[in-house]
Amino acid sequence: MDRLRDKIIPVTTLLALLVVAWYAFAVVLNGPFQRDLDRRAGETPSYTEFLVKTWSQPKPTLPAPHQVAQNFFKTTFQVKPWSARSLVYHSWVTLSATMVGFLFGTVLGIVIAVGIVHFVALDRSLMPWIITSQTIPILALAPMVIVVFAAIGITGLFPKALISTYLSFFPVAVGMVKGLRSPEVMHLDLMHTYNASAAQTFWKLRVPASIPYLFASMKVAVAASLVGAIVAELPTGAIAGIGAKLLSGSYYSQTIEIWAALVAGSLVAVLLVALVGVAGRITERAMGGREA
Amino acid sequence: MQPASQAVVEAKKLGLTFHTGDGPVQALSDVDLTINKGEFVSFIGPSGCGKTTFLRVIADLEKPTSGSILINGMSAEQARQARAYGYVFQAAALYPWRTIEANVALPLEIMGIAREEQKARIKRTLDLVNLSGFEKKYPWQLSGGMQQRASIARALAFDADLLLMDEPFGALDEIVRDHLNEQLLELWKQTNKTICFVTHSIPEAVYLSTRIVVMSPRPGRVTDVIESTLPRDRPLDIRETPEFLAIAARVRDGLRAGHSYED
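So the protein sequences, as listed, match chains C and X.
By the count of numbering that gives the first Met the number 0, the first sequence reaches residue 291 at its end, each step adding exactly one.
By the count of numbering that gives the first Met the number 0, the second sequence reaches residue 262 at its end, each step adding exactly one.
Think of the hints as simulated: they come from the structure by calculation, not from any bench.
Only a predicted model underlies this, so the values are computations on that prediction, with no experimental measurement involved.
Each hint should be verified, as a subset may be incorrect.
As the list claims (entries may be wrong) - Subject to a maximum C-alpha distance of 25 Å in a straight line, what follows is the list of computed DMTMM-like cross-link-like pairs (lysine to aspartate or glutamate): (1) C/K203 - X/E100; (2) C/K203 - X/E185; (3) X/K135 - C/E183; (4) C/K203 - X/E76; (5) X/K136 - C/D35; (6) X/K136 - C/D188.
Stated by the list, open to error - To be clear about the criterion: a stretch of chain X counts as covered by chain C if any three or more of its residues have a C-beta under 8 Å from a C-beta of chain C, and this derived list gives those stretches: (7) 70-82; (8) 90-98; (9) 108-114.
C-beta: ideal position from N, C-alpha, C; glycine also.
Whole structure, please, built from the sequences with the hints as guidance.
In structure tokens form, the structure reads like this:
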């Protein structure tokens, strides 16, 4: 009951409002073109007919929700998942690059953080470069990386994963530096009284203390990874992936397909963030976390 | 083998000056003190008198800037490396991701003690602080007093002969504190350890100690050392006896004398 009142009712109410607003906008945005068509055809449709027509154009400015839903359903469930028309296929292409990039990004972020925490020289020299790296617009950088790799014959998953890594290592590195430095002075003093080695302090204190920070930053990183993979699919006419789908959709004004691909991308993002969240919760419970 | 003198802590002309943004602060000045094996010594004084700093110097958590200190005839650093003492902090400082038994096991893991031996010691020390049955609990599931008992068990687990306690019961209410004081005395009698105990409670200091070191701030120094005439066996109601009250009065006088210095 509580769950119904606290979560389900507010969320569905908001969703219903959004759908209504979406239909209204579809009428507003598709209306001029529809009026134009009707005038040329010499038709004078009734108000209801006009509404229905604005919601069923083949290439609308703003597709109505049911058009997107139909297209999404058709390209997800009614075609073979390995065919180039399937959103499952395109999502998988993007997802695989995202996961590889996210994995590398997380490992790289952790390695950088460990280095920064343990070596003063790295702390002073590396951090400004890491921050600078994130000020370069990824939309400008990604095409160059893809083109350079394509020129030496490397295409497909690897260059895309590299862009994902580039975007995802940053939140992990920053979060882990904070996490590895999070132990209280008293906890560190305790290790000192035991004459613990730096390695023992690292494994028995710094690492466990940093775990909550790791999962918080991994949630940001996994979303950034997906953005990286999609952006990396936009240039150079990639033929597969959600990014490629978005691009081809915009070439041919297939607005419905663009929106369906957007929905697929969002679902992949939700899935990834949820997976990280679940992994985080399992780890937290194994580490004696208090039930919220 | 203990040296003939049985001195566990020997401080000579010990001084420590912190360099802060507001200029140097003399946390300790000319401290001469010898603590013998089996003693229960309390350090009492207002904040800033250097009592905690002195404990931290013994523990090699702070380096003195003048004078010398020997622990079991060794330098403080050697003593720390030999794991000569167990330290109990103001807060329990248990690691929240470890169960109570895993917290007690922490120093044993670091010192590389075999797993079987670890188990035996965890059982023995948790028995000693009356925490049997709470092995698998996490710190947040225990009350403040129980957490502090667990931290005492952790300090006892590796059998150091010296126990350094920095206001361990300061954050607890008086009822729990009385109870833990009784248990601590019991534990001291059973184990015959040397205990250095920092407090700012006069009754606590008098009730627990064989010797009370009264300290005073600016600069942090020892103003009086009071030998307790109370017997080793001390029921809680010993605190109403004239003997107890006389010692408490002396401590209070000592503290007041130290204070008048700054007026």
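Structure-based check of each hint:
A hinted pair counts as satisfied when its Cα atoms are at most 25 Å apart, and C/K203 with X/E100 qualifies at roughly 15 Å. For the hint pairing C/K203 with X/E185, the CA-to-CA distance comes to about 32 Å; that exceeds 25 Å, so the pair is violated. For the hint pairing X/K135 with C/E183, the CA-to-CA distance comes to about 24 Å; that is within 25 Å, so the pair holds. Using a Cα cut-off of 25 Å, the hinted pair C/K203 and X/E76 holds, with the two alpha carbons roughly 22 Å apart.
Taking the CA atoms of X/K136 and C/D35, the gap is near 74 Å; set against the 25 Å cutoff, the hint is violated. As the CA atoms of X/K136 and C/D188 are separated by approximately 24 Å, the hinted pair is consistent with the 25 Å bound. With a cut-off of 8 Å between beta carbons, the segment 70-82 of chain X has 3 residues touching chain C; three or more are needed, and the interface restraint holds. Against chain C, the segment 90-98 of chain X contributes 7 residues with a C-beta closer than 8 Å to a partner C-beta. That satisfies the three-residue criterion, and the hint holds.
Evaluation of the coverage hint for the segment 108-114 of chain X: fulfilled, as 3 residues show C-beta separations to chain C shorter than 8 Å, against a requirement of three.
Violated hints, listed in ascending order, are 2 and 5; each of the other numbered hints is respected by the structure.
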